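Colleague: Sequence:
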Amino acid sequence: MKHPLNQGIKINIFLSSLSQQHKHSLFHTRANLIRNLQNSKDFTSVTSTHSYVIKSGFLDDTFTINHLLNSYVRMLRIGCAHKLFDEMLEPNVVSWTSLMAGYTGEARPESTLSLFQKMKESSVLPNEFTFATLTNACSLLANLKVGRTIHALILVMGFGSNLVVCSSLIDMYGKCNKVDQARIIFDLMYSRNIVSWTSMITAYSQNALGHHALQLFREYNNLKLGIPNHFMLSSVINACASLGSLGAGKTTHGVVIRLRHDANDVIATALVDMYAKCGCINYSEIVFKRIQNPSVIHYTSMIVGTAKYGVGTLSLQLFQEMIDRRIKPNDVTFVGVLHACSHSGLIDKGLGLLNSMNSKYGVNPDAKHYTCVADMLGRVGRVEEAYQLAKSVKVENTEEEAMLWGTLLSASRNHGRVDIALEAGKRLMVSNPQAAMPYVTLSNAYVLAGDWENAYTLRSRMKHTGIRKEPGCSWIEIMESTYLFYAGDVSNCVQGSEILRFLRELEERMKERGYLGETKGLVFVDVEEEAKEQIMSLHSERLALAFGLMNTPKGTIIRIMKNLRMCRGCHEAFKLISDIVEREFIVRDVNRFHHFKNGLCACRDFW
DNA sequence: TTAGGGTTAG
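Each residue of the first sequence is one higher than the one before, counting from 1 in UniProt numbering.
Read the hints as simulated data drawn from the structure, not as lab findings.
Worth double-checking, as some hints may not be accurate.
[Said to hold, decoys possible] Straight-line C-alpha distance at most 27 Å; calculated DSS-like pairs for lysine-lysine:
#1 145 <-> 394
#2 391 <-> 349
#3 178 <-> 145
#4 349 <-> 394
#5 368 <-> 394
A quick note: this is a predicted structure, and the numbers were derived from the prediction, not measured.
Let the hints inform the model, and build the full structure from the sequences given.
Modeller: The structure is reproduced here in structure tokens:
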């Protein structure tokens, strides 16, 4: 095995044969080359320094070449990095790890893993960064089986207690939805740093456990372990977004401003996303407009936010704006614009975008884009077209399959196509036999078609196989209190009768505007439990909406709107409620934002 | 010199 300091020894032997003046000159040249590489902002300056490296005779110096390799990795030029690596005389652990990190950074985790296989055949031993990089590749793959194999290897090689490795393992288990396993690793760590705390907060946030994420953040602050950095704060903002917790989100934004992280790109994305998910698209817009050079991710975040808010035309305007500014859209951008078209009834526009994705913008449509289009067609009743499209789509994994055929199942239930619902349901049951959604939705499709026998058979099968549906719930946050509504249960609501009265009024007004929606659900008094549960879920969401209209600022109402299944495919209903909101309920929050802008709301809860 | 963060359809 090579000594880790081999390259240092080699250059020292070489230097010992040189004059003092020459040695000094060489060190100076090398330092300059490395500084140039570290400061490189574009590919041209890296290639230019590369040619100096060759001219100065440093091609055999592993330390310098590692810097060059890392610069290519930073510029996302993995081909150049790999070529350089292949030409290296003595690649060390940093060279191997840097190249592996490069492949992971370019979303090619399989290449990272196969490179590791080659590394094992070499005489270079992996270190903690190699295992952290490998673990990251497993996170990207979201492949728990491979991740566990790497974890086992980590334990065998004696890195099981390493700080760097443990932080990456927490992240990996979090991304594989094994948050309990992540917590076990976190709890067993001998020492932790801000990275390990952030990894655990992120694991909670990404697994819909926002309250746990915020609790851990409070713990970090109470223990006075240090000032949160932008990594930690962006994870906390994401937790607020996942909770739809506007209050906590604003408080964290206050902290961000106080700690002067508001100019950070990733924080800005998290804030745009958080405000949009909390229904405050106007705040998202304020944050967005302050970003000096918005990237494709900033634009995409705004496009998705406006799409979910129901203003598809604004999403399309933003899309055009980014194209005009020569910002290249990516695959997620197209998910956003297609989603916008779907939720705003802009069918022709959506189909046009799908057809031009590749030819005009160089983005290949894949299963997720076709799912958006199937949804778009399904919403307006073009279920047959959606079905034909779905059959032609090549899905790469069960998640994509679930999204595509789940979309078809909902659309066919809503439009009375029991035949398609049955096929979609069967596909979903085969790919994930434990999922409750296909049983419940297909059973509802049967009920809607008057086929009680099949609905009953399905329900029995569900019961027999022990598949249970978690009760649906919705929640709203009013003046720092959270109100939770479980499906079919309004017992915790003190203003129940008032809400019901308002709900009736709202329904009447919707009917006046032509909304036909799901009112027929209310006659399902004798349907099977699961079907009733779904209907009651809808009903409780309406209650939540009514409650929101009476007590909450516009933002919260719109967040609830986002969740309201009753508004699916009904642009008119959306407009109606938006009108009501615009007229009656927006003043208070605007004033609150005035204070917030001056940083007065910062640190109230968390510090 | 190598590890952590952002946007995603039912």
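Colleague: Each of the hints needs a verdict: does it hold here or not?
Modeller: Outcome of the hint check:
Of the supplied pair hints, the one linking residue 145 and residue 394 holds, its CA atoms being roughly 24 Å apart against a limit of 27 Å. Between residue 391 and residue 349, the direct Cα distance comes to roughly 23 Å. Compliance with the 27 Å bound is thereby established for this hinted pair. Only pairs whose Cα atoms come within 27 Å are accepted, and residue 178 paired with residue 145 is accepted, the gap being roughly 12 Å. At most 27 Å may separate the alpha-carbon atoms for a hinted pair to count; residue 349 and residue 394 meet this at roughly 24 Å.
Among the hinted pairs, residue 368 with residue 394 is consistent with the structure: their alpha-carbon atoms are about 10 Å apart, no more than 27 Å.
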